[in-house]
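Fit chain B to the given chain L structure using the hints.
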Amino acid sequence: MYQILLVEDNADDVELALRAFRKSDLVNTVTIARDGVEALDYLLATGSRADRADNPLPDLVLLDIKLPRIDGLQVLERLRANPRTKLVPIVVLTSSIEPKDLLTCYTLGANSYVRKPIDFQQFSKALQQIGSYWLQTNQAPPLPGTT
Amino acid sequence: MRSDDSYRALFLSHPQPMWLYDRTTSAIIDVNDAALAHFGVRREAFLETYTGNLSAGPGANGRTFEIVSQPCEFDGRAAVLVALHEVTALRQAEGALARVEDEQRRQTTEFEERVRERTVQLQAAISELEAFSYSVSHDLRAPLRSIAGFSQALIEDAGPSLSADARDDIARIIAAAGRMDHLINDLLTLSMVTRAEMTRDSVDVSELANRIVAELADMSPTRPVVTTVAPGMVAHGDPRLVRVALENLLTNAWKFTSRRERACIEVGQMDSDGASPIFFVRDNGVGFDPAFADKLFGPFQRLHDASDFPGSGIGLATVRRIVLRHGGRVWAESRPGQGASFFFTLQ
Numbered sequence: 001m002y003q004i005l006l007v008e009d010n011a012d013d014v015e016l017a018l019r020a021f022r023k024s025d026l027v028n029t030v031t032i033a034r035d036g037v038e039a040l041d042y043l044l045a046t047g048s049r050a051d052r053a054d055n056p057l058p059d060l061v062l063l064d065i066k067l068p069r070i071d072g073l074q075v076l077e078r079l080r081a082n083p084r085t086k087l088v089p090i091v092v093l094t095s096s097i098e099p100k101d102l103l104t105c106y107t108l109g110a111n112s113y114v115r116k117p118i119d120f121q122q123f124s125k126a127l128q129q130i131g132s133y134w135l136q137t138n139q140a141p142p143l144p145g146t147t
Numbered sequence: 148m149r150s151d152d153s154y155r156a157l158f159l160s161h162p163q164p165m166w167l168y169d170r171t172t173s174a175i176i177d178v179n180d181a182a183l184a185h186f187g188v189r190r191e192a193f194l195e196t197y198t199g200n201l202s203a204g205p206g207a208n209g210r211t212f213e214i215v216s217q218p219c220e221f222d223g224r225a226a227v228l229v230a231l232h233e234v235t236a237l238r239q240a241e242g243a244l245a246r247v248e249d250e251q252r253r254q255t256t257e258f259e260e261r262v263r264e265r266t267v268q269l270q271a272a273i274s275e276l277e278a279f280s281y282s283v284s285h286d287l288r289a290p291l292r293s294i295a296g297f298s299q300a301l302i303e304d305a306g307p308s309l310s311a312d313a314r315d316d317i318a319r320i321i322a323a324a325g326r327m328d329h330l331i332n333d334l335l336t337l338s339m340v341t342r343a344e345m346t347r348d349s350v351d352v353s354e355l356a357n358r359i360v361a362e363l364a365d366m367s368p369t370r371p372v373v374t375t376v377a378p379g380m381v382a383h384g385d386p387r388l389v390r391v392a393l394e395n396l397l398t399n400a401w402k403f404t405s406r407r408e409r410a411c412i413e414v415g416q417m418d419s420d421g422a423s424p425i426f427f428v429r430d431n432g433v434g435f436d437p438a439f440a441d442k443l444f445g446p447f448q449r450l451h452d453a454s455d456f457p458g459s460g461i462g463l464a465t466v467r468r469i470v471l472r473h474g475g476r477v478w479a480e481s482r483p484g485q486g487a488s489f490f491f492t493l494q
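Chains as they are written, first to last, in this note's numbering: chain L, 1 to 147; chain B, 148 to 494.
In case anyone wonders, no lab produced these hints; they're calculated from the structure.
Note that the structure is predicted; figures quoted are calculated from it, not measured.
Take the hints with a grain of salt, since some may be wrong.
To be clear about the criterion: a stretch of chain B counts as covered by chain L if any three or more of its residues have a C-beta under 8 Å from a C-beta of chain L, and this derived list gives those stretches [to be verified]:
| # | segment |
| --- | --- |
| 1 | 293-306 |
| 2 | 361-370 |
| 3 | 406-417 |
Computed Cβ-Cβ distance ranges for the label pairs, DEER-style [what the hints assert, rightly or not]:
| # | chain 1 | residue 1 | chain 2 | residue 2 | range |
| --- | --- | --- | --- | --- | --- |
| 4 | L | Leu102 | B | Gly325 | 48 to 56 Å |
| 5 | B | Leu287 | L | Lys125 | 17 to 25 Å |
| 6 | B | Glu303 | L | Ala11 | 13 to 21 Å |
| 7 | B | Ile273 | L | Gly109 | 39 to 47 Å |
| 8 | L | Ala11 | B | Gly325 | 16 to 24 Å |
Glycine is no exception: its CB is placed at the ideal position from the N, C-alpha and C atoms.
So here's chain L without its partners, still in its complex pose (with noise of 0.2 Å):
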């Protein structure tokens, strides 16, 4: 059973992909989390989800890099410089295909960075792809909680 973190502030797409989870013949549970503060809240263990400490970490988080409040960008910068997160796989999934964002993305440690498509059949088969790559053909490192 894979835990997926989904970081995204628009509901559409968020129903878009757990509509494409669902199809997929992977088992997940996906979390969601809206802006930057609530994913970082969730995988540090801080502010609101300080009850989380012992909680295992996501095996794969999916980061929107524009975001309320922290945008992604920073957010993994946090991740990355935290010794709880820093080897988290993080794909960004994003609309941006500006070169400036790809080229920060890999440069504060991002794993992959996939731009979301517009059809939701190339963008089912994008999460599908990502998932099976990351959840079971990648070995993902020992992280501190890991399942």
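Structure of chain B alone, referenced to chain L:
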């Protein structure tokens, strides 16, 4: 030999103001008429009241003089011969030069100030453009994904209970969202091409063209297109931008030959007599009316019906910007039904 009187007459009538004084006592020994006229005094007064080490003083009508002193022997005495040289023209020229230099300095400062202002304005415009294209890239695509995604969801969820017409309507919505996605992508490329930093390098045009042609063939494997790429073509340009330009030209050639049974596309280089190489992409497609040749490269200009040949009308505008950024030229030749040739240089 002339008499002393003759030489004195020469001295007295010499147009240059001159006088002679005793080096020991500074007493004036003699003075010529030009000097008296210069100082505006009579001979007696000059001899009595003036001493040798006079200053030149200002001349009449703003004329300027300089003193030149020459030590000499006169009647066995140590003396000094003084002559006034008029330097009015020299001083005027110097003054004019100084004024020109001042003006130049002022203009340079003004120019630098203006460049600074413009640079600030330009940078502001560029960041605005960046913010805009970022917004286009991110915010405009999100609702599009919702439109396409939920239309697809509707077909999946309610498909069996929908009429064929309703399903067709939804398919049209999805297709339209896809076209708008293409348009946004093309606009982003155009904006990227304008803003991207340029690094010139040697570009293997032949290899690049072959690779793009292979990609196009992969996308429509059932179309037999005869492509000829001249070997050994090399350009000096930004590899990424040259690729975008060539991609657009070849995609166009591919598209506009789609009705030909025997589609032919040629990429080559023309003899340019040592000047920067002229590259061309030639096809035997539908061509265009040469009357519109100059319109071809403007953004959103389309010479063909969108249902015949779909496209955003941004491709050739992108090519033009890339070529202009390289300081090159781009032009096209065609006749309707006779194919089209696009030429460009990158210097």
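Status of the hints after comparison with the structure:
{"no.": "1", "hint": "293-306", "verdict": "holds (count 7)"}
{"no.": "2", "hint": "361-370", "verdict": "violated (count 0)"}
{"no.": "3", "hint": "406-417", "verdict": "violated (count 0)"}
{"no.": "4", "hint": "L:Leu102 <-> B:Gly325: 48 to 56 Å", "verdict": "23 Å, violated"}
{"no.": "5", "hint": "B:Leu287 <-> L:Lys125: 17 to 25 Å", "verdict": "23 Å, holds"}
{"no.": "6", "hint": "B:Glu303 <-> L:Ala11: 13 to 21 Å", "verdict": "19 Å, holds"}
{"no.": "7", "hint": "B:Ile273 <-> L:Gly109: 39 to 47 Å", "verdict": "28 Å, violated"}
{"no.": "8", "hint": "L:Ala11 <-> B:Gly325: 16 to 24 Å", "verdict": "23 Å, holds"}
When the structure is compared with the earlier hints, violations turn up for hints 2, 3, 4 and 7 and for no others.
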